[in-house]
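If you want the building blocks of each chain, they are given just below.
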Amino acid sequence: MSIKNKLYFVLEDMTPQINSDTQLVMNGKIYNSEENCYGNGWSWEAESRVLSLNSYHGSGIDCVGNLSIITSGAENVIVGKHRPGIRVRNGDLTISGEGSLILAESETGICVDAGTLCITSVHAGISGVVCGIRAHKGIAISGSTISIVSQDTGIRSGPGAGITADTSSLQIISAGAGIECDGDLLLDGGTHLIETPDGIGIRICEGSGTLKNCFLRIASRKIGIIVEKDDLHISSVTAEISAGTGISVSGSLIGTNLHLFINGEDAGILVKGDFCRLSDGSCAVLGNVALSFSHNVAFSQMNVTVEGEETGIFTGESYVLEDSCVSVISGKETGVRVGTDMIFSGRSLEIRGRTGLVVNGNLEVSNGNLTSINEGTGIDVGGTYTQKSGMICGTGMAGDGIRVAKKMTVLGGKIDAIGYLTGLTVLDNLTLTSGLLTASGKTGLEVAESFKDSGGYLTVFGDEFGLHVSRGTACFGDAVVDIAGDVGLYAANSVNISGGAVQISGHYAGIFSCGGDVQIHSGMHDISADTYGILVTSGSIYAKGGTLQIRTTDTKENSCGVCLTNGNLLVSGTHLNISGGMYGVRGEQSTVSVMDSGLDAEGSVCGIAVKRLSFTGGRLTAYGKKAAFCLEDSTQICQKDIITICGKSGVSAEPGPYADQKYVHLYPKHSVRLIIPAAVESLENIVQWVDAALRPNGITEPFISKMTLVIEELFVNIVNYAYPNEPGSVIFTMFIGPCLKLIISDTGVPFNPLESPEPDLSVPIDDRKIGGWGIFLSRKLTDKITYERVNGTNILTIYKKLYT
Amino acid sequence: MKITKTVNESNLILELDGKLDTRSAPEFQMCAESSLDGISAITLNFAKLTYMSSVGLSIILTLKKKLGPAGTLLIINAHGLVREVFEISGFDDLLAEEEGRK
Numbered sequence: 004m005s006i007k008n009k010l011y012f013v014l015e016d017m018t019p020q021i022n023s024d025t026q027l028v029m030n031g032k033i034y035n036s037e038e039n040c041y042g043n044g045w046s047w048e049a050e051s052r053v054l055s056l057n058s059y060h061g062s063g064i065d066c067v068g069n070l071s072i073i074t075s076g077a078e079n080v081i082v083g084k085h086r087p088g089i090r091v092r093n094g095d096l097t098i099s100g101e102g103s104l105i106l107a108e109s110e111t112g113i114c115v116d117a118g119t120l121c122i123t124s125v126h127a128g129i130s131g132v133v134c135g136i137r138a139h140k141g142i143a144i145s146g147s148t149i150s151i152v153s154q155d156t157g158i159r160s161g162p163g164a165g166i167t168a169d170t171s172s173l174q175i176i177s178a179g180a181g182i183e184c185d186g187d188l189l190l191d192g193g194t195h196l197i198e199t200p201d202g203i204g205i206r207i208c209e210g211s212g213t214l215k216n217c218f219l220r221i222a223s224r225k226i227g228i229i230v231e232k233d234d235l236h237i238s239s240v241t242a243e244i245s246a247g248t249g250i251s252v253s254g255s256l257i258g259t260n261l262h263l264f265i266n267g268e269d270a271g272i273l274v275k276g277d278f279c280r281l282s283d284g285s286c287a288v289l290g291n292v293a294l295s296f297s298h299n300v301a302f303s304q305m306n307v308t309v310e311g312e313e314t315g316i317f318t319g320e321s322y323v324l325e326d327s328c329v330s331v332i333s334g335k336e337t338g339v340r341v342g343t344d345m346i347f348s349g350r351s352l353e354i355r356g357r358t359g360l361v362v363n364g365n366l367e368v369s370n371g372n373l374t375s376i377n378e379g380t381g382i383d384v385g386g387t388y389t390q391k392s393g394m395i396c397g398t399g400m401a402g403d404g405i406r407v408a409k410k411m412t413v414l415g416g417k418i419d420a421i422g423y424l425t426g427l428t429v430l431d432n433l434t435l436t437s438g439l440l441t442a443s444g445k446t447g448l449e450v451a452e453s454f455k456d457s458g459g460y461l462t463v464f465g466d467e468f469g470l471h472v473s474r475g476t477a478c479f480g481d482a483v484v485d486i487a488g489d490v491g492l493y494a495a496n497s498v499n500i501s502g503g504a505v506q507i508s509g510h511y512a513g514i515f516s517c518g519g520d521v522q523i524h525s526g527m528h529d530i531s532a533d534t535y536g537i538l539v540t541s542g543s544i545y546a547k548g549g550t551l552q553i554r555t556t557d558t559k560e561n562s563c564g565v566c567l568t569n570g571n572l573l574v575s576g577t578h579l580n581i582s583g584g585m586y587g588v589r590g591e592q593s594t595v596s597v598m599d600s601g602l603d604a605e606g607s608v609c610g611i612a613v614k615r616l617s618f619t620g621g622r623l624t625a626y627g628k629k630a631a632f633c634l635e636d637s638t639q640i641c642q643k644d645i646i647t648i649c650g651k652s653g654v655s656a657e658p659g660p661y662a663d664q665k666y667v668h669l670y671p672k673h674s675v676r677l678i679i680p681a682a683v684e685s686l687e688n689i690v691q692w693v694d695a696a697l698r699p700n701g702i703t704e705p706f707i708s709k710m711t712l713v714i715e716e717l718f719v720n721i722v723n724y725a726y727p728n729e730p731g732s733v734i735f736t737m738f739i740g741p742c743l744k745l746i747i748s749d750t751g752v753p754f755n756p757l758e759s760p761e762p763d764l765s766v767p768i769d770d771r772k773i774g775g776w777g778i779f780l781s782r783k784l785t786d787k788i789t790y791e792r793v794n795g796t797n798i799l800t801i802y803k804k805l806y807t
Numbered sequence: 158m159k160i161t162k163t164v165n166e167s168n169l170i171l172e173l174d175g176k177l178d179t180r181s182a183p184e185f186q187m188c189a190e191s192s193l194d195g196i197s198a199i200t201l202n203f204a205k206l207t208y209m210s211s212v213g214l215s216i217i218l219t220l221k222k223k224l225g226p227a228g229t230l231l232i233i234n235a236h237g238l239v240r241e242v243f244e245i246s247g248f249d250d251l252l253a254e255e256e257g258r259k
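Those protein sequences? They're chains A and B, same order as listed. The numbering of the first sequence is my numbering, which starts it at 4 and goes up by one. The numbering of the second sequence is my numbering, which starts it at 158 and goes up by one.
In isolation and in its complexed conformation, chain B is listed as follows (with noise of 0.2 Å):
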């Protein structure tokens, strides 16, 4: 998996490219929870994921409790299978409204 982090200001964008399983979690976690200083939002962009275990979810749950009820959390672009893990687990609220979708 490949990841491209960008800093803007508080903001945190993180780009995934290929698949977030069991064995590229922890490379994600340290990447994600090594940049939360002076940062008050996450957008994660999936757009380039194309898997997605439930160790996504449990990273992704951990970094929104970092981030404080003050943080938000957005994730964008999340497509496919990526999709449907997060649609049947309740984490509708963290998705972005996307073109094409209303």
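In isolation and in its complexed conformation, chain A is listed as follows (with noise of 0.2 Å):
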């Protein structure tokens, strides 16, 4: 037995000895309630046991059986001296008047010891109590003010009895607690006020608690509202609340268009049951952790400011947040942790602490903005992360930016991540298609299995590192991309980019690749390095699109446009510029491919030098100041089909030696042919097969007709010559390169038109040879012919560069 119950029974002894039900005890004397009676400032009406106060000074009022008092006059005061102030023992009271009431010096200000109390439209004043109102079944106040001093407790119900404020105001002053109910506890408008400076504002021990219309203000040591079993839902209320703990729900807490100020020493909000749903208000909380829920919250259209000192929002669940403004500042610990997933969907979440937002499982973002400035990581996400549109900016002062555990997919929005470790950290697969992603730290972007952007604009600046992909892929598909680093991209794995634009730039390297292939297949690319251009130990380059370029400015002794290991670089269909610091491309153990596409490939010291050059069609164009290839094995260039330019004159040369050339230039040898029998009437056939071969090839008049009058010349020299006596074929074989070269071959008699004598030109018109002109005309329109005769055939060369 507690001290305080062993205190009630001893005033309990000194109470008047009330044995019978008939009993009335008013100011210190007994009178039989079956009959009416009156004395100073009362009157008793037996048959509707209704008890009149006018005015009534005196001492406790004790009564068995159902009382009605009914107060008027200027104010009625009773001194209980230890006893009850107004007791009913066996039955309800009610209390209902315009007269005031005053209680005081009492052990119990109103007390019914078995029955219900009704306080209706009452002013009353309780002090100097140990207990203010005390009713077994149960209490409801109606339009009526009260206000409390106690010693103990305020208000308090009877087992599993509930309390009721109705368009009230209580004013509470209480050691112990303010209220203390057992059953269900209902406020409904009014302003309460409730100081506790040892315990506890309102306590509902058993039932449930409903704040509704409602202003209240509760000052007190411990918890400011505690409901220990059941759920607590408040709406339309205004609390401020300064406690230990501001509010401790065990059940759900549901609020609705409220206003909470609540400053908790240890917690602002405590909910441990299974939600907490807030909408519509806004809440200021402080506490040391300032809002703590074991499972599921939800806030909708909420404001919220949240300081804790050392975590701000902690829920051992899931946690929404629609529609709503969070602020969260948190000093030692985490600003908001979440147990399992996270959905936050607007409008913003502001936070600042160690760690700023922490979610063990998976975080969504539909909209809004979210915030996280902190000095450890700023955003660290256990599950997945999935941003459909809306701004995220995580900020790590001593980690990480942003830290995501499993697959990350970026379909919209804005995320900007910086960490002075990592900016952004995916632990899986990062899947960004569309919107902005902004990442910087030591390393930029880090992704430890695959990256695939298709679609997304990626902005990443790394320190050591700009995109590291440990593991998987490095996928660009039509995204725009500009990543810079001492080494831009490193990539573990292969590097694939079609179409957009990326722009990589590095210190040591822009792309280095250590286990994978780099193809690019489409789109406008440009990779810029101190030393490497493109560093690729592993795989080789396949360059089978778009145009890309690649440039490295270090005069270092290893500084190259691509360097390749064991690889090989491909180049088809595409146009390739390299311009390298010392070489253009270099890879002892490579072989540099060009199918029908451009390559461009310059170095200090040499243009490309690798082991094997392969060229099959397109142009090729290498310069280094050593020589223009160092190739290993030069005899899969030395094919026949190849023009070769050496130097910069752009005179042509039969394929040869040019290993020692600084400037080379490759086209294919594109070449037809046509026999035809050496008569007047092939010359249609001629003509239409010169203009077949050479206007596909982008070459027009009046190079075409210049061409082909040159042909006509030579070739009706031929017919009238070269076969007097049976018919004979000539062969023409065109070479089309920038200089194009046509060979005119016949095996009829020897015959070498050049050494025909030129016209005279200085002689008058009417004196000129008629003849000998055709040949005149050919070389006039051609840069060189020669002739030769070679085993009985005659052959005709003819060069005539396509640009002049």
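Heads up, some of the hints might be wrong.
Stated by the list, open to error - As a list, the in silico BS3-like pairs of lysine-lysine whose alpha-carbon atoms are at most 27 Å apart:
id, chain 1, residue 1, chain 2, residue 2
1, B, K205, B, K176
2, A, K783, B, K222
3, B, K176, B, K223
4, B, K223, A, K772
5, A, K614, A, K547
6, A, K783, B, K221
7, B, K176, A, K787
8, B, K176, A, K772
9, A, K772, B, K222
10, A, K709, B, K205
11, A, K665, A, K787
12, A, K783, B, K205
13, A, K275, A, K215
14, A, K804, B, K176
15, B, K159, A, K709
16, A, K787, A, K803
17, B, K221, A, K709
18, A, K783, B, K176
19, A, K391, A, K455
20, A, K665, A, K629
21, B, K176, A, K709
22, A, K140, A, K215
23, B, K221, A, K772
24, A, K787, A, K744
25, B, K176, A, K744
26, A, K803, B, K176
To be verified - Computed far set for chain B versus chain A, every beta-carbon distance over 10 Å:
id, residue
27, K159
28, N168
29, S191
Hints in this document: simulated from the structure, not taken from any laboratory. Glycine included, each C-beta is placed from N, C-alpha and C at the ideal position.
Both chains are given apart, each in its own frame, so use the hints to dock them into the complex.
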């Protein structure tokens, strides 16, 4: 038995000995309650059991059975003197009336031993009591103003009984609990002020609590409001709570249209039940752990400001934030810690703490601004991360900006990740299909598995690595990408670029691939670095489409545009421009293959320094001060079908030794051939053939007409002289390159048309010879014509540059 | 090639349309030479001539010789490759001064 209860026991003993159901104690005297009676300031009507008080001044009222008190007069003062001010045994008590009621120096202000208490439209002041109001079967207060100063409890209901206060105002100052309710509590309307310097503001032991349409101010040492077993509903309430713990609910907390200002030393709001749902309101909370929820939480259309000395918001399970503004400042621990999944759909969440946001499950962002600026890690997600829209900013001044343990998918919106260590770390796949991702740190963006950007804008900067893809592939499709770092892109597996614009710059290397191929399919891309543009240690580089420019600027010995260890460089269907500090392309074991495409490679020392070079069409230009090519095996390019230009003169040369040339230009030997009877009738076919051979190669008039004229002249010459006795044929072979080469051969009688005398242009027209103009015109309209007789064949070779 | 022949007293005007090459040359030569009776001047309008090989030069020289020192031969409207052939062969004297080319 507690000391408190012992005290009651002693006081009970001192009350007047009522031992009959028909007794009424007024002002220390016993009356028969079955008869009407009266005294100074009071009258009793036995039939209706109504006690009228009219300016009553006296000691306690004690009654057996139901009692109705109606007050009138200026004030009614009841001094209980260690007994209850008003006591009803075995019955209900109702108090109403216009006169105010003052109960002082009593054991209990109003005490209903077994029944209910109903107070209607009464102004009551209760002071100097142990307990203000006590009723065994529940208390209903309506339209009343009650102030209580008690040593223990302000208002208390009996086991399982509830308390209702409707359009009333309660002002309670008590040492223990302000309101202690063993059933359901309903506060509807009014203004309630509760001060419990050493205790609890409102304690609901058994039932649920409902607070609505009221203003509530609670200052308590221990707990502001505690609901020990059930739920708490709050609607249309403005509450200011200052306590050790602001609100503690064992069940769920449902709040709507509420404005809470909570200053909790230990905790602001503590909810242990299944869920807490707060909507349409505002909430400002201070606490060691400001908001702590054991299970699920949802904020909808809330403005929440949270300041936690250790943790701002803690949820054991999910956290749903929609259309709300939440600002969290936390000191030692975590800003927001979510036990399972978090769904964020706006409007804003701003977090400052040691670690900003920790989500143990999945994070889904569909809208809004999420900003987390922290000492440690900005945003730490233990599950997957999915973003459809919104703006996310994670800053970790000592850790990572954003860290995601599982798959990360960005379908839209904007992400800014700034970290001391890594801007954004993804320990699984990262897929960016749209939106904007910016990451910076020692490593800008680290992806443990595969990285895929299929349409997003990616900007990454890292002191060490820009984008680091540890195990999976790195794919860029129709993406706009800007990457910078000591190593711009580090890829342990293959790199695949198709479409878009990728710009990568690095100090050591632009792209460093150490476990796969680098493939470029389309788009316009630019890779620059000091030392290595693209460094590939095991795979090959396939440039299959688009344009690609690679530059390095270093003058160190190993600086090169493309550096290969084992793999090859294959250029097909694209234009690749490589400008290396010392070497354009370098790889002792490698082959450079150019197939129907363009490759420019230059370096201070050497343009292309590889084992082997294969050229099967397109255009290849190489330049190096030492040599254009440094090839271990040069047989591949000494093919007959290649036109090679050495030096910058543009004069074509037959394939030959060009190992020591500084400037080499390769074109395919694109040739066409025609065998035709040596007869004037063939002329039309020849003209058609010339046109068909040249026009598809982009060669136009007047080049074609001039070439046709030259061919006609030389062919007619052959027709006239080569086969005097029997019919013969003529073979045309045309090589199409920057300098057109045409070979006309016949097996007729030896005849060198170039030996025929040239017309003398100095003589007057009338004195000129009629013939001999054909060879003259042919020479004038071409760059060079040679004749040789080889193995019974007349060979005329005509050269004419396509461009002059 | 199409040839349009006009005789104006002693002046023969020949208008050539198409290409003058080894195969079409005999037609032009015959057409011109058969019309020389009483002709002292020939005008060759090459406005529609797109191509001419050396055979054209030979025919023109032949015609010039047939006209004799007193006759005149004038080429008008030569352009493009045709004009270039005349120029590099030193036939400038036969080219009429044309508008826009002073």
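Results of checking the hints against the structure:
no. : hint              : result
1   : B:K205 <-> B:K176 : holds, 9 Å
2   : A:K783 <-> B:K222 : holds, 25 Å
3   : B:K176 <-> B:K223 : holds, 24 Å
4   : B:K223 <-> A:K772 : holds, 14 Å
5   : A:K614 <-> A:K547 : holds, 21 Å
6   : A:K783 <-> B:K221 : holds, 24 Å
7   : B:K176 <-> A:K787 : holds, 26 Å
8   : B:K176 <-> A:K772 : holds, 23 Å
9   : A:K772 <-> B:K222 : holds, 10 Å
10  : A:K709 <-> B:K205 : holds, 18 Å
11  : A:K665 <-> A:K787 : holds, 26 Å
12  : A:K783 <-> B:K205 : holds, 24 Å
13  : A:K275 <-> A:K215 : holds, 22 Å
14  : A:K804 <-> B:K176 : holds, 25 Å
15  : B:K159 <-> A:K709 : holds, 22 Å
16  : A:K787 <-> A:K803 : holds, 7 Å
17  : B:K221 <-> A:K709 : holds, 26 Å
18  : A:K783 <-> B:K176 : holds, 20 Å
19  : A:K391 <-> A:K455 : holds, 16 Å
20  : A:K665 <-> A:K629 : holds, 6 Å
21  : B:K176 <-> A:K709 : holds, 13 Å
22  : A:K140 <-> A:K215 : holds, 23 Å
23  : B:K221 <-> A:K772 : holds, 12 Å
24  : A:K787 <-> A:K744 : holds, 10 Å
25  : B:K176 <-> A:K744 : holds, 25 Å
26  : A:K803 <-> B:K176 : holds, 23 Å
27  : K159              : holds, 17 Å
28  : N168              : holds, 19 Å
29  : S191              : holds, 19 Å
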